[in-house]
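In case you want the letters, here they are:
Protein chains: 2
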Amino acid sequence: MDIKITRAKQLKNKPDESNLGFGHYFTDHMFVMDYTVEQGWHNAQIVPYGPIPMDPASMVLHYAQETFEGLKAYRNHDQILIFRPEMNAKRMIASNERLCMAEVSEELFVEAVEAIVDYEKDWVPSAEGTSLYIRPFCFATEAGVGVHPARAYKFIIILSPVGAYYPEGVNPVKIFVEDEYVRAVVGGTGFAKCGGNYAASIAAQVKAEKMGYTQVLWLDGVHRKYVEEVGTMNAMFVIDDEIVTAPLEGSVLPGVTRDSCIQILKDWGYTISERHLDIDDLMEYAKNGRLKEAFGTGTAAVISPIGELSYKGNVQIINDFKTGELTCKLYDELTGIQWGTKADPYGWVKTVK
Amino acid sequence: MDIKITRAKQLKNKPDESNLGFGHYFTDHMFVMDYTVEQGWHNAQIVPYGPIPMDPASMVLHYAQETFEGLKAYRNHDQILIFRPEMNAKRMIASNERLCMAEVSEELFVEAVEAIVDYEKDWVPSAEGTSLYIRPFCFATEAGVGVHPARAYKFIIILSPVGAYYPEGVNPVKIFVEDEYVRAVVGGTGFAKCGGNYAASIAAQVKAEKMGYTQVLWLDGVHRKYVEEVGTMNAMFVIDDEIVTAPLEGSVLPGVTRDSCIQILKDWGYTISERHLDIDDLMEYAKNGRLKEAFGTGTAAVISPIGELSYKGNVQIINDFKTGELTCKLYDELTGIQWGTKADPYGWVKTVK
Ligand SMILES: Cc1ncc(COP(=O)(O)O)c(C=O)c1O
Ligand SMILES: Cc1ncc(COP(=O)(O)O)c(C=O)c1O
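If you read the sequences in order, they're chains W and S.
Just so you know, we're using full-length UniProt numbering here: the first sequence kicks off at 1 and counts up by one.
Just so you know, we're using full-length UniProt numbering here: the second sequence kicks off at 1 and counts up by one.
Chain W on its own, in the form it takes in the complex (with noise of 0.2 Å):
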């Protein structure tokens, strides 16, 4: 890929690292590609980050074809490091099926990354926990009012300093099981990384914020009773000795932190099971003590321990609100692999040139 770079006029000074949050500066500049049916996808381009002129009649702003990805750039002295950047590349193109628009290759995606990671790499942080937080994004640009695949699009990738996603640090939070409203259901778009899913699940998080929980666990939307994900992680119940996650049947998101954990903790031993759960059982679990440890899995927060439940006005605390042995073991290990101080047996870790 032919890549024009404009560099910008003036460089930001970079924010404190100590104080970064998630998602609220954006580096120097952004990669930007554009989608024609005629001519593909062509006119990549390293730009100064800033404003893109959209049409008002911009399918993406009335139909939401719009899909994203999230993934980090980790600094271990003067390496940069990205970790499983394909997984990130084939989910895109996903949910860009999914949604009827044009796909990115694997190749020029994970090279898109790259190239945008390696000009802005004196963005990565070094602080402890903080990483460059890349967000490729792809939406439609033709303008137009019909209901139909979009003939035009465009894929960006912006760059964010951050830091770890819970100010807290690792420690248990609290979530309430939703049962008004439903993220997700086979045949839509659960599976898929796409605007629409993000937009819907809005109303239950600020619920649960208000009544003091930091992230809320979804159930399934035909039986209301399966446990789906958490906020936006997967989800992890160690149950007596077994392991369970949701199984991807397409109403969850393929999670490739979910997947990381689930081929660490196989060739750790343990019996990891893609099997639906009951919230009842898993309720009755929590207050017999068969649920040892409970955690979400994700790129912003890694893993984040569960130290309470709360459904339908039944409140169950796991592990007595403590960070379980195994949460925090799973913890220190993906995040060496991804930090580049522990060895990487799978090959997950790319190192930026």
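No lab work stands behind these hints: they were computed from the structure.
A portion of the hints provided could be inaccurate.
It does not matter which identical chain is used: a pair holds within one copy or between any two.
Straight line, CA to CA, 27 Å or less: simulated DSSO-like cross-link-like pairs of lysine-lysine [as the list claims (entries may be wrong)]:
id: 1; residue 1: K90; residue 2: K350
id: 2; residue 1: K207; residue 2: K90
id: 3; residue 1: K90; residue 2: K210
id: 4; residue 1: K121; residue 2: K353
No experiment lies behind these values; they were computed from the predicted model shown.
Guided by the hints, dock chain S with the ligands onto chain W, whose structure is given.
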């Protein structure tokens, strides 16, 4: 509301009224208004139609916090009429509430619609069946990649002179009953007019068109058997002497045309039931002749007769693939009211000064 007006330096040539299509042409000006948490809605303007500069981190491009409406202005000689704009205003309030977006009050919404239609009144076409499609829409402009309700929005109205929605005219269409993809589920966003619903629907539409069908008939996402909507229309079925349409339980869009048809049909003495209708029963009624007529209702096509239903390989023709008597009568009544050629006992039509 104080509206600042900036006139376009050069006006466009009006398109040929005999060949408008749907949503291809936009008028010279648009209405734009901004929202921030601090200021509320402010900065109402009529400006030349043209690109909006958008931050690449604008939340609408990532999390699809976006809603829209669709209504029409009709020309009756020198008068410009709009149809029940307060219904669209109310629906947008409900949509924005579901997506935790700032709400545009009914009063502001209607005032803005009237103001821009009045300003662009030369664009309301006069040829038979043509009208000016009005597209109010609202989206999150806050820049940031954390998932939360945005703190800044835009509300815009663009206008497009349109012809008949189906180029074939008021002729029966072939409908494919979709049993793989799901449009909406109770607890989700089906009742809201938000972008995500439409992005999710495109795959089924494409699939149906490939097989030679005009639209899909959606089934409910839980049981996968109750009839919901047809494409971007509500659906009505004349079974014996009963007219059946899906109830508004959260997964179906509450159409303004649907509501208007229900009122007219009731006044005509018909029995109209908002109830679940099993697709297996419907196919059986179509087969044994009890299904007399079927049609979709929506702003774009007004009334669209259904001539064929295909479900899991079972193909049934309705009313010999001819537009039914009641369908015709309803079309004439409603379009008569809309264009001001028939009496309006309901007070639905508003004259734009
Ligand atoms: C809904 C949802 N589930 C799960 C995940 C976890 O996916 P990943 O591990 O690839 O970040 C995410 C993304 O962060 C998400 O948005
Ligand atoms: C999904 C869907 N259902 C039904 C309708 C009909 O609604 P209305 O009669 O208000 O146009 C529409 C909008 O046109 C729609 O998009």
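*Within a copy, between copies, both or neither: where do K90 and K350 come within 27 Å Cα-Cα?*
within (16 Å within a copy, 52 Å between copies)
*What label fits K90 with K210 when the C-alpha limit is 27 Å: within, between, both, or neither?*
between (36 Å within a copy, 26 Å between copies)
*Under a CA distance limit of 27 Å, which applies to K207 and K90: within one copy, between copies, both, or neither?*
between (33 Å within a copy, 23 Å between copies)
_Within a copy, between copies, both or neither: which one fits K121 and K353 at a CA-CA cutoff of 27 Å?_
within (10 Å within a copy, 59 Å between copies)
Every hint from the earlier list agrees with this structure, and none is contradicted.
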